[in-house]
Amino acid sequence: DGGITQSPKYLFRKEGQNVTLSCEQNLNHDAMYWYRQDPGQGLRLIYYSQIVNDFQKGDIAEGYSVSREKKESFPLTVTSAQKNPTAFYLCASSTIGGTYGYTFGSGTRLTVV
Amino acid sequence: DAKTTQPTSMDCAEGRAANLPCNHSTISGNEYVYWYRQIHSQGPQYIIHGLKNNETNEMASLIITEDRKSSTLILPHATLRDTAVYYCIALNAGNNRKLIWGLGTSLAVNP
Numbered sequence: 001d002g003g004i005t006q007s008p009k010y011l012f013r014k015e016g017q018n019v020t021l022s023c024e025q026n027l028n029h030d031a032m033y034w035y036r037q038d039p040g041q042g043l044r045l046i047y048y049s050q051i052v053n054d055f056q057k058g059d060i061a062e063g064y065s066v067s068r069e070k071k072e073s074f075p076l077t078v079t080s081a082q083k084n085p086t087a088f089y090l091c092a093s094s095t096i097g098g099t100y101g102y103t104f105g106s107g108t109r110l111t112v113v
Numbered sequence: 001d002a003k004t005t006q007p008t009s010m011d012c013a014e015g016r017a018a019n020l021p022c023n024h025s026t027i028s029g030n031e032y033v034y035w036y037r038q039i040h041s042q043g044p045q046y047i048i049h050g051l052k053n054n055e056t057n058e059m060a061s062l063i064i065t066e067d068r069k070s071s072t073l074i075l076p077h078a079t080l081r082d083t084a085v086y087y088c089i090a091l092n093a094g095n096n097r098k099l100i101w102g103l104g105t106s107l108a109v110n111p
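In order, the protein sequence lines correspond to chains A and B. Once you know that position 42 of the first sequence is 42 in our numbering, the rest is easy, because the numbers rise by one and skip nothing. Once you know that position 24 of the second sequence is 24 in our numbering, the rest is easy, because the numbers rise by one and skip nothing.
There's no promise every hint is true.
Said to hold, decoys possible - Restraint ranges, calculated between C-beta atoms of paired labels, are given here: (1) A:Q56 <-> B:I39: 28 to 36 Å; (2) B:I39 <-> A:G97: 24 to 32 Å; (3) B:N92 <-> A:G42: 33 to 41 Å; (4) B:I74 <-> A:G97: 36 to 44 Å; (5) B:T26 <-> A:G97: 17 to 25 Å.
What the hints contain is simulated information worked out from the structure, not anything from laboratory work. All C-beta atoms in this analysis are idealised placements derived from N, C-alpha and C, irrespective of residue type, glycine included.
Based on the sequences and whatever the hints tell you, model everything.
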């Protein structure tokens with residue numbers, strides 16, 4: 001079945017550490033996105049990519065980095081520069097253009113300990 | 001991107017229709033109205049989308065006003081599993097980037 005897979009589901013990070021969240025899709029979608037969701041809040045866009053080896057900052061990119069070396073993969077690194085990283089992180093993919101909207105992964109819950 | 005406004009919360013009795021409103025008065029001609037829902041601690045799930053005409057699928061119906069300034073998502077026979085946060089967003093078909101999603105409507109379906 002086609003879909004989008006995020007791993008791990010739960011992640012714990014010590015202060016000062018970098019951690020990488022995985023996102024893989026087999027939908028042949030060109031565009032991929034990372035969102036952050038805080039308790040009781042809507043989704044906020046961190047980074048997005050519409051083509052391999054290219055990506056753009058969203059509204060809250062500070063303290064995060066991404067790469068897009070393969071069409072299927074869009075990992076997100078939460079760096080030590082992110083001052084408040086505890087949140088629920090969602091990866092999504094879509095076609096570019098068209099009206100199919102987003103397909104979301106099941107999310108990664110990151111907690112700083 | 002057009003801003004959307006939704007009520008914070010709604011209640012519905014199990015088996016009855018749930019009608020969730022959304023205002024999008026600044027929507028542009030090439031923006032579609034999409035509805036997603038998010039069950040706690042899961043990724044949002046696509047429900048339905050439309051441009052001008054009313055739409056129906058196996059999950060829901062979408063009614064869009066003639067001036068396109070508002071829409072209503074209808075769950076015809078709500079079940080307890082429909083309890084979720086429902087998001088209404090406007091998306092440009094040529095640019096799927098969406099900076100910020102609103103808080104959505106928290107729908108509670110009661111037995």
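Hint check:
no., hint, result
1, A:Q56 <-> B:I39: 28 to 36 Å, "holds (30 Å)"
2, B:I39 <-> A:G97: 24 to 32 Å, "holds (29 Å)"
3, B:N92 <-> A:G42: 33 to 41 Å, "violated (18 Å)"
4, B:I74 <-> A:G97: 36 to 44 Å, "violated (28 Å)"
5, B:T26 <-> A:G97: 17 to 25 Å, "holds (22 Å)"
Checked against the numbered hints listed earlier, the structure breaks hints 3 and 4; every other hint is satisfied.
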